[in-house]
Structure formats: structure tokens, C-alpha cells
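Protein chains: 2
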Amino acid sequence: MKHSSLLFKNDILTILDQTLLPQKVKYKKISHLKDVYTAIKNLQVRGAPLIGVFAAYGLYVSLNTKTRIKKTEFIRKALHNIDYLKTARPTAVNLSWALTKIQEVILNNKESTVPEIKRLIKKTAERIHRDDVKLCRMIGITGCKLISKNDSILTHCNTGFLATSGNGTALSVIYEAYKKYPKIKVYVDETRPLLQGARLTSWELLSKNIDLRLITDNSAAFLMQKKKITKVIVGADRITSLGFTANKVGTYNLAVLCKHHKIPFYVAAPSSTFDLSISKSKDIPIEERPAKEIKTLANRLIAPKDVKACNPAFDITPPGLITGIITEKGIIYQPSKKNILKILNRI
Amino acid sequence: MKHSSLLFKNDILTILDQTLLPQKVKYKKISHLKDVYTAIKNLQVRGAPLIGVFAAYGLYVSLNTKTRIKKTEFIRKALHNIDYLKTARPTAVNLSWALTKIQEVILNNKESTVPEIKRLIKKTAERIHRDDVKLCRMIGITGCKLISKNDSILTHCNTGFLATSGNGTALSVIYEAYKKYPKIKVYVDETRPLLQGARLTSWELLSKNIDLRLITDNSAAFLMQKKKITKVIVGADRITSLGFTANKVGTYNLAVLCKHHKIPFYVAAPSSTFDLSISKSKDIPIEERPAKEIKTLANRLIAPKDVKACNPAFDITPPGLITGIITEKGIIYQPSKKNILKILNRI
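Same order as they appear, the protein sequences are chains A and B.
If you read the first sequence in our numbering, its first letter stands for residue -16, the second for the next number, and so on.
If you read the second sequence in our numbering, its first letter stands for residue -16, the second for the next number, and so on.
If you're looking for bench data, these hints aren't it; they were derived computationally from the structure.
These figures come from a predicted structure and were not determined experimentally.
It is possible that part of the hints are untrue.
As the list claims (entries may be wrong) - The calculated DSS-like cross-link candidates involving lysine-lysine, where the alpha carbons are at most 30 angstroms apart (straight line), are: (1) B/Lys288 <-> B/Lys275; (2) A/Lys320 <-> B/Lys242; (3) A/Lys288 <-> B/Lys(-15); (4) A/Lys11 <-> A/Lys132; (5) B/Lys166 <-> A/Lys275; (6) B/Lys166 <-> A/Lys166; (7) A/Lys291 <-> B/Lys265; (8) B/Lys168 <-> A/Lys11.
Stated by the list, open to error - Each pair of labels, with its calculated beta carbon distance range: (9) A/Lys163 <-> B/Lys210: 39 to 45 angstroms; (10) B/Asp289 <-> A/Ser131: 25 to 31 angstroms; (11) A/Lys191 <-> B/Val8: 44 to 50 angstroms.
The beta carbon of each residue, even a glycine, is placed where N, CA and C say it ideally should be.
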């Protein structure tokens, strides 16, 4: 069976609950605003591009009620829902990017009827979805050129069909490369604390029969020292105009290791991941998640209950450690304001 | 209550089963050879120095049976037990170091009676134990000189009273420093896959009221970038004559990060951790442990059941990344054959 992270059909929005993977494959219908928010906040839906697509559809279903409503009331509710959903998670830019796109549509069509505005919101969400699928494919095709037939690629967190509504970003590159070079090998780090590597990426790669080894995050340096890893490819949650890249915590660690071992370090992300309104590392808000995520596993305590923990969900990799950023428009080598704009301004 | 990793009294050997911590504090009597082997193999007893002390006592209790036995048979059995126990774990040198010491005692006293040889084995085990306690204290005192009052120290795995029969190695430095500077802060990385940091080091530090933060192994680089970590101190399982240092996997990762962030990286270990019979990195056997340790937690599967994993238990840090090795005899700066011998040859 081919799985999807998200389905939207006949105005019904369904997600694959990623917190239950790989033990349970359970789809869940989402129709209320609160459930959209919770699904994002609790990582039932995760991965920067997927969050964007899901939030757009989620907003639509939250507004698509049978109750008759006045237009001013509808617009007020829509803008409120948008503001509320934007606060579900702070780091990935895609969430606010997608919701802002819909906000613009609403504000530009204030003169239309409620059913017409609803139709436009739905259309916008569907376009964001379609674009994401297309961008994923383009990223795969672009990044594939970097891969050689005997590569052993390390990837972090999950950036595949569970993190997007298409084939993924970093994993899309691997999927595309696998078609050409079926002997490539993939190392998947488990990605503590929430084990997106162990639970999600392993599951994805197994479903595609790709040769993989699961490792602890602790082992990457050792494997690099032993020359077992030839490339690292990761995703991104937000990239500034200077190339500072926020991604799942542990990414910066890998970038430093790559520099030390002279291994190419690539980031794969659609152009919508760039937030050109900010430039510096400190401009990116870093989500601090609950200590519980480190201290418990499947509700079982794995540390003393009174211990304090520090749980940043993301880190920031400076552009100097990035060999290239793979986008749907091309590869940005030596990321800098100039080099970023050169690629992003391509049509 | 003051806890001990190991107790030996009236010929009875008791251990604190570390696999059950921090949820359960359970002591367990050990009297059979197979149980000694299993306790080491399954990490009920762990930490290079503790393994040495425990193996010495364990050998003694395995031989201290009531059954009358001929001397040749006793010696044959003793040497067999030594050989068998040496295979329980390959990387830490302390296991074979302690057992070889006892082997020498046996071979040098072949002319003595069985009770007399038993007495000598016991005496040797007790001396190894006493020495370990003393060495731990000396390491603490020596290393404490490196610590400043506002330090934020990151430590890896567990190197305290649970890893030794004394106060620890790297943690002994922290305990000693804490007496002098009660405001020092400690970051404890969880140390996947077996969570010795989360389960054991957190528990130890909490019991001593030291200010600590538990972090995932993935977060160290991020915290270093934010200048939250001023020093890293770790233990060691084996150090070659050139200073190549085997320790819990993830150690080498931290050493690379320290170099990148210009943070001092210290190793704390007694002189018995040096294996001067070998020099190069490749001479150290690296234990590959079962995939199950990564794929399950408390017998619950946290990855797809069919996924292959790669689980090296140790890694090797080259001397060039080590600021200093803290031993009971002094600190070896810029570890090299010459600098190592200069300190180790001190009486």
C-alpha cells in the first residue's frame, strides 16, 4: 500500500498520525480548528513543507462549516484562525508562509461572497499542495546530479514523503538517486529526542527497499572517521537571506563534523523555506520543547523524574559550513546573499 | 542513603544493578562465574574501572566454593575463569588488566596451598579496589585545578561512583570542583543508546545536589555555539601509548565539536587505563553491540522491526583533539608518547 502523509478529497482532510509510526499506521480525519492546531503542535503532522500544506487545508476545513455566517463574521473568524494556527510552532517558515498566502487572498477578495471566498481559500490550499509535490520532484532531480553510484549518504530527521505532501526534500534526492544507482547506501540517524529518523525515515526507506543502516546520533562522527559516510543531506525549516539554516537539532553538529572530515554537507529545501525578511542567526526563533520529550519514552520515564532538561528542537547552521543548498531552481553553492538571490530569482 | 556500585564484605559480593536505574535501586548478590560474566556483558556493572574491580572480586567468589578441590584442578579452573571473563567485553583495558594481575599472582604462587592462593587472590582484588578508590580521589584533586568557578561543564556517559568503586573519574573532578565552587553547572548528555547519562549521571548528580541540565546528544553543538559550555570532561576505556583514546561512542564527536568551538576537551582516567602495548587507533578492538539496543527501549520497539542497525559501543579520539588527560599522577598536556611517559613514570 502506498502511504500518504495527507489526503484531501471531497472537502475531507485526513492525516497519517506520525506520532504512532512505525508501530501503527493510523489515518485520522481533521475538521476542527483545535485539531489542526494540536496536530501541528504535537507533531502528528510534521516536516516544514507538510506543515504548510496541512495548515492551508486545515484552515479551509475549519471555516467550511454548514452554519450560515455573515461575511464580516466569516472574515473575522478566518483571520483569527490564521493568527491562532501561526502560533502552533515557531521555527519552520512554511507555516506562516502558507497562512499568509491565504490571508492575502482573503483580504484581496473582501468584496466577494462567503462561498466565493471559501472557494478561493480551497483553491489556494490546493495550489500550495500541488506546488509542494512539484517542488519535491524538482529538488530530487536537481540534487540527484550530486550523487555518485557508490555514495553512502547520512541523513538526519525525516525529510521524505512524511515531511512533505510530495516525495520529500533531502529524501527526494535519495529517492531520485536510488532509481539511477540502486546500490547507494543510506545511514539514518535516529534523531533524538523524537526519533524521526528511527521511526519515520527508516520506515520510508524500508518501504522503498533502499539499503539503510540505523545509527544513534552519537555514531556519525565515528563512521565519518572510518570513511563510511561520503555525503550528508538534510532538510531545512527556515533559511535566512545570508544562508543561516534552521533545521532539526543535531543538524549543526553534523555540519561541524562534515567540515572536520571534509565531507560535503548539503541542505535540500524548496525556495519557500527562505525567509528573506531576516538575515542573521539570532533572527530565527528556536522552539524550546517540553523536557518530557527527553525524559520519557512512550510514557515511560528514562531519567530521574526531578531532573531538569534543556530541549531545543532546532539549531542553526551557518552558511560557511554548507556546501550547497539544493532548491527546485538549482543548487546554491557557497550560500551568500548574492548567490542565494541569483538562484532564487530564476523563473 | 549513600549508594555504592559494589560491596564486598564477609566474602559476599553485591552489586547495584545499573540496568534498572534510576527507576529501581536494586542490589544483587553475585556468586557464580556465569553471573559475573553476565553482569559485565549486560552492563549491570559497567564503567571501565568498576569492571576491573568487579571482575577481580567476581573471579574470587567464583573460586571460593566449599567443595574440596585439588590444587592442579583449582589452578586450571582459575585460569579458565580468567580467560572466560576476559571475553565479556573487549574494549575497556581494565577488565583484562585486573584479571592479568590476578593471573600473575596465581602463577607466581603455584607452590602455595589452595587456601593460601585463594587468600592471595582476595588480597589482590581488595588492593585493586582500594587503589581504585584512591586513584579516583587523586584524579578529582588533580583535575579540580582546571575548573573555574563559573564553568559549565559537559560530560558524557557515566564516569562517577557508578562507573568506579570510588568517586569516579570525570565526575570525580566535578565532585571535587563542586566542593570548592558550588555554582558550577553541569550539562549531561543522555548518551544513546543505553542512556547512561540520562539514567546514571543525572541520578548521581541529583543525589549530590549539583545543578544539572539533561540534554540530547544532538544538542551539544548548539549549546557550544551559544557559548553555554566552557569545558568538556569525559572518561576513557583504553588509551594507547600515543594517546588514542577509546571511550563511549559520542566522545569523538564531542572532541571534534570542542576543537571547532575552541573549548578545552579533557579526558580523566587512572594510569591503569593506558595500554602501552599498543599505539595506534586500529589496535583498539571496538565492541559492536546488538542492534536491539538502538531499536528497542524497555523492550518496546522504537524503529521498524526489520531495519538493520549499526551499533558501535565506543569510538576513538585522536590525541590531537585532547587538551589534556587527567590522571592520578598529574595532567598530560598535548598527549604524545613522550608526554604520556613523563607523567606515568612519576612515582
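Enumerate the violated hints, using their earlier numbering and listing them in ascending order. Hint check: 4, 6, 7 and 8 fail, others pass.
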